[in-house]
Amino acid sequence: MSANFNRRRLIALSIKEFAQIMRDPSTFLIAFLLPLILLFLFGYAVSLDSSRTRIALVVEDSSAQALDLASAYAHSDYFEVIPARSVAQVRDTLIDGTARAIIVIPQGFGEGMVAGTPPPIQIVTDGSQPNTANFAAAYGEGVRAAWMAAETGRGATAPPISLSPRYWYNPGLQSRYFLVPGSIAIVMTMIGTLLTALVVAREWERGTMEAMMATPMRMAEFIASKVVPYFLLGIGSMTLCTLIAVFVFGVPFRGSPFALAAIAAAFLMPALGLGLFISAATKNQFVASQIALLTAFLPTFLLSGFLYEIASMPWPIQALTYIVPARYLIPPLQTVFLAGDLWGLILPDIAIMLGFGALFFFLSFRVTKRSLD
Amino acid sequence: MSAAVASAKGVVKRFEGVTALDGVAIDVAPGRITGLVGPDGAGKTTLIRILAGLMKADEGEISMLGGPPGAALDDLGYMPQRFGLYEDLTVAENLTLYAELRGLPRGERQAVFDRLLDFTDLKRFQARLAGKLSGGMKQKLGLACALVKTPKLLLLDEPGVGVDPISRRELWAMVGELTGEGIGVLWSTAYLDEAEKCDTVYLLSEGKLLFEGPPGDLTGAVADRVIRVSGFEARRRRFLTEALDREDVIDGTIQGRSVRLLIRDGREVPDAVMLDAGPDTRIEPASPRFEDGFIERLGGGPRGTSALAERYREIPPSDTPMIEANGLTRRFGDFTAARDMNFSIPRGQIFGLLGPNGAGKSTTFKMLCGLLTPSEGTGAVAGNDLRRAAADARASLGYMAQKFSLYGDLSVRQNLDFFAGAYGLDRQEGAHAIEAMAEIFELGERMNVNAGTLPLGFKQRLALACAVMHEPPVLFLDEPTSGVDPVTRREFWTHINGLVEKGVTVLVTTHFMDEAEYCDEVTLIYRAEQIASGTPDALKARAAELSDTADPTMEDAFIALIEDSDRARELEAAA
Numbered sequence: 001m002s003a004n005f006n007r008r009r010l011i012a013l014s015i016k017e018f019a020q021i022m023r024d025p026s027t028f029l030i031a032f033l034l035p036l037i038l039l040f041l042f043g044y045a046v047s048l049d050s051s052r053t054r055i056a057l058v059v060e061d062s063s064a065q066a067l068d069l070a071s072a073y074a075h076s077d078y079f080e081v082i083p084a085r086s087v088a089q090v091r092d093t094l095i096d097g098t099a100r101a102i103i104v105i106p107q108g109f110g111e112g113m114v115a116g117t118p119p120p121i122q123i124v125t126d127g128s129q130p131n132t133a134n135f136a137a138a139y140g141e142g143v144r145a146a147w148m149a150a151e152t153g154r155g156a157t158a159p160p161i162s163l164s165p166r167y168w169y170n171p172g173l174q175s176r177y178f179l180v181p182g183s184i185a186i187v188m189t190m191i192g193t194l195l196t197a198l199v200v201a202r203e204w205e206r207g208t209m210e211a212m213m214a215t216p217m218r219m220a221e222f223i224a225s226k227v228v229p230y231f232l233l234g235i236g237s238m239t240l241c242t243l244i245a246v247f248v249f250g251v252p253f254r255g256s257p258f259a260l261a262a263i264a265a266a267f268l269m270p271a272l273g274l275g276l277f278i279s280a281a282t283k284n285q286f287v288a289s290q291i292a293l294l295t296a297f298l299p300t301f302l303l304s305g306f307l308y309e310i311a312s313m314p315w316p317i318q319a320l321t322y323i324v325p326a327r328y329l330i331p332p333l334q335t336v337f338l339a340g341d342l343w344g345l346i347l348p349d350i351a352i353m354l355g356f357g358a359l360f361f362f363l364s365f366r367v368t369k370r371s372l373d
Numbered sequence: 001m002s003a004a005v006a007s008a009k010g011v012v013k014r015f016e017g018v019t020a021l022d023g024v025a026i027d028v029a030p031g032r033i034t035g036l037v038g039p040d041g042a043g044k045t046t047l048i049r050i051l052a053g054l055m056k057a058d059e060g061e062i063s064m065l066g067g068p069p070g071a072a073l074d075d076l077g078y079m080p081q082r083f084g085l086y087e088d089l090t091v092a093e094n095l096t097l098y099a100e101l102r103g104l105p106r107g108e109r110q111a112v113f114d115r116l117l118d119f120t121d122l123k124r125f126q127a128r129l130a131g132k133l134s135g136g137m138k139q140k141l142g143l144a145c146a147l148v149k150t151p152k153l154l155l156l157d158e159p160g161v162g163v164d165p166i167s168r169r170e171l172w173a174m175v176g177e178l179t180g181e182g183i184g185v186l187w188s189t190a191y192l193d194e195a196e197k198c199d200t201v202y203l204l205s206e207g208k209l210l211f212e213g214p215p216g217d218l219t220g221a222v223a224d225r226v227i228r229v230s231g232f233e234a235r236r237r238r239f240l241t242e243a244l245d246r247e248d249v250i251d252g253t254i255q256g257r258s259v260r261l262l263i264r265d266g267r268e269v270p271d272a273v274m275l276d277a278g279p280d281t282r283i284e285p286a287s288p289r290f291e292d293g294f295i296e297r298l299g300g301g302p303r304g305t306s307a308l309a310e311r312y313r314e315i316p317p318s319d320t321p322m323i324e325a326n327g328l329t330r331r332f333g334d335f336t337a338a339r340d341m342n343f344s345i346p347r348g349q350i351f352g353l354l355g356p357n358g359a360g361k362s363t364t365f366k367m368l369c370g371l372l373t374p375s376e377g378t379g380a381v382a383g384n385d386l387r388r389a390a391a392d393a394r395a396s397l398g399y400m401a402q403k404f405s406l407y408g409d410l411s412v413r414q415n416l417d418f419f420a421g422a423y424g425l426d427r428q429e430g431a432h433a434i435e436a437m438a439e440i441f442e443l444g445e446r447m448n449v450n451a452g453t454l455p456l457g458f459k460q461r462l463a464l465a466c467a468v469m470h471e472p473p474v475l476f477l478d479e480p481t482s483g484v485d486p487v488t489r490r491e492f493w494t495h496i497n498g499l500v501e502k503g504v505t506v507l508v509t510t511h512f513m514d515e516a517e518y519c520d521e522v523t524l525i526y527r528a529e530q531i532a533s534g535t536p537d538a539l540k541a542r543a544a545e546l547s548d549t550a551d552p553t554m555e556d557a558f559i560a561l562i563e564d565s566d567r568a569r570e571l572e573a574a575a
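These protein sequence lines map, in sequence, to chains A and B.
Residue numbering for the first sequence follows UniProt numbering, beginning at 1 and increasing consecutively.
Residue numbering for the second sequence follows UniProt numbering, beginning at 1 and increasing consecutively.
Warning: the hint list may mix true and false statements.
What the hints assert, rightly or not - Among chain A residues calculated to face chain B with C-beta under 8 Å, some are: (1) 12; (2) 16; (3) 24; (4) 26; (5) 202; (6) 207; (7) 208; (8) 211; (9) 213; (10) 216; (11) 217; (12) 369; (13) 371.
The hints are simulated quantities; they were obtained by calculation from the structure and are not laboratory data.
Remember, predicted model here, so these are calculated numbers, not experimental data.
Think of the CB as a built atom: it goes at the ideal place given N, C-alpha and C, for glycine as much as any other residue.
From just these sequences and the hints, can you work out the full model?
See below:
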């Protein structure tokens, strides 16, 4: 095969492919407009942060300490407080969703403080929204702990050890920091798998494949002419995403461009390979797009750890994520953005993605035949 | 004759149980045009693809340019049915791509391109996207792409489909020139008149060779047995029916005012008295055609009496025209697809809309069906105004769409059921009509087969059945016989002629010039306008004046009238 590989034909085919990309508005939309939409969506509209969660604060005690703790909640950056005197007053707010949690400072709180045995506060959360519930509980407790630490510091009996949580790499726990690298994964999946599957299937549908196969062109040249332009398009689109993420959204970029490029390039291999495989197997744009959505786009969205943490999935689903190439893209991307070039973490993922790529390319060479049979 | 550039023996190819090619042998000689002729589904494309190495034969020996198929691709020029062009590349870019893929030396490129662009007359359109070219121009560009590096073998898969007759003639002339350079050409076509121009013809039908040899051998076999009977204009349909029911006539067609008959081999050619055609009848010999030979090989055409027409209700007489168009115009943005269409069709007549693809036939048609709202003008079907009573107008017509729009994944019975419901037959009427259709069109055995898997001829029958089940007074037929074999076409027209005798009014679009001969009146649509109207004979007479040819065919007439219109347009532009 390689003996017949002709550079001149490959260049001619690639030029043709680029001309088609430039003239097809939908390619342009997917490669450059879609990333913008996704980034702005994840950057502004979709937020997994729970800043300013509304809570109902029931203060049953009227001691100075209780009021002081209540004002600590009211001044917290994380909560918007609905004040109340009894749980009965605010029970409905939790049910109808006005408040995400009820925090109760119980009767006798001040007395307990004075006596040196501070009574526990009660935090009631809405279990139907587990993320928010966890957050409200943790931060509710955090505010109390911080207040308590300050209070005891003022008094004589400082506890020997105090716990102050610190989140490394993303101290504000801003979700856009990890959503933005995730959207790079989405965009590269769209370009690598969906677009590639569509353009190859289109050649079958429009009969141009038939005409091409009757020329001296080799199938290897044809496949290469599809891979090269879309690989470059994927890298270009990834670069655009990164620039916007860093300069518009202020996402930190602590690694090197080289590491980022290496990760993206490794991921494009399985993405392109899968796209080629799908189109060669279906030869039909509609079917190809459906299969690409199902096998590439949705898994990248749902099973890569981009939106939903893999560790909190049930084990059969967790097992399934191991065959989703994007699963090996998200962690190194987050590493490069938020931590730096930690090659020890990055290289294994790159190796796995290249392995998937080799498998998909092998499969697509097996199904792409120079034949209409 | 020198050695064949491609040859095949005993080729067999099966697709999922269907035998597409059944022991076919063919030789393509250098410097000749070899015709591969047959209706759709005969196996032409499959054979060409096997020769090009794009498919593998199940059995048989194939040699292409001295090697196995697919080995000598450098010397092969191949133009697939849709021309193999990239519509989003320009003319020049398409040429460049093919030149690079075929390894044309860079130094020769400019000279070759100049020659090909001259040859195809595409020089002015180099920067135009291939998708924006007309059908005829695409076809020429497809040919140019197949010729960038002069091949030894040129395979053309139905290059004339959907292209207007003028472009078809130009293409024919171009390919004729190529054979002068020693190129062996295999030209596949469903148009039987093209077969007559080939040096050698292979006639395929249902995967089998029916004939091979010079086309003259086939037409020669029916010479002296073809007659033209004229002198009974008003009764010609009834006469044809009676003639076809005779035992010594194996085929017959209407040719304008006259009727053309093919007499059975070994029988005496009948005279006017024998035919009982009336006092004014004249009988004269007519020149045989390739189609006559084909029909004879297929065992003759159908009989004259239409079982469908016999059961059809008599459409009551009417003084008002059944179909009317008054200045119908349709614009899409700033593009006018049909301008100022005027005609009026009385009860019991066949009216034909003729013209190349994209001229505006279908647009006019769709306005009259109520599928498109006219931008200007009015129309009526069976007295129902299109603007005020479009639903009533639609209810009074049966519509047979291009490509026989059937539900391919529904069975024949389910299709009939659906159309019975769609045309408002109640359960009992529907069941009755379906039973009748199954009997008339011999669908019985296939009632539970999916329509998509039917042979083309049966699809056409089913499509007609669906359109006439509710016995409408008006029939709209859009390219009704495209691609079917001549016997199926005869059968179709036998039904239509019978229905017209019962008073049904028919509007038909066609790019088959022969079919225009069945019409009482035709109008020629070109560049969105009616450029000529009248009886087929009147149009032929006008064309005879314009082009100075005696006895022109309908296609000659078509070309002469279009050329005349182009001349007038140029004069107008110059003035």
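Comparing the hints with the structure gives:
no., hint, in the structure
1, 12, "3 Å, holds"
2, 16, "5 Å, holds"
3, 24, "6 Å, holds"
4, 26, "11 Å, violated"
5, 202, "10 Å, violated"
6, 207, "4 Å, holds"
7, 208, "6 Å, holds"
8, 211, "2 Å, holds"
9, 213, "6 Å, holds"
10, 216, "5 Å, holds"
11, 217, "5 Å, holds"
12, 369, "10 Å, violated"
13, 371, "6 Å, holds"
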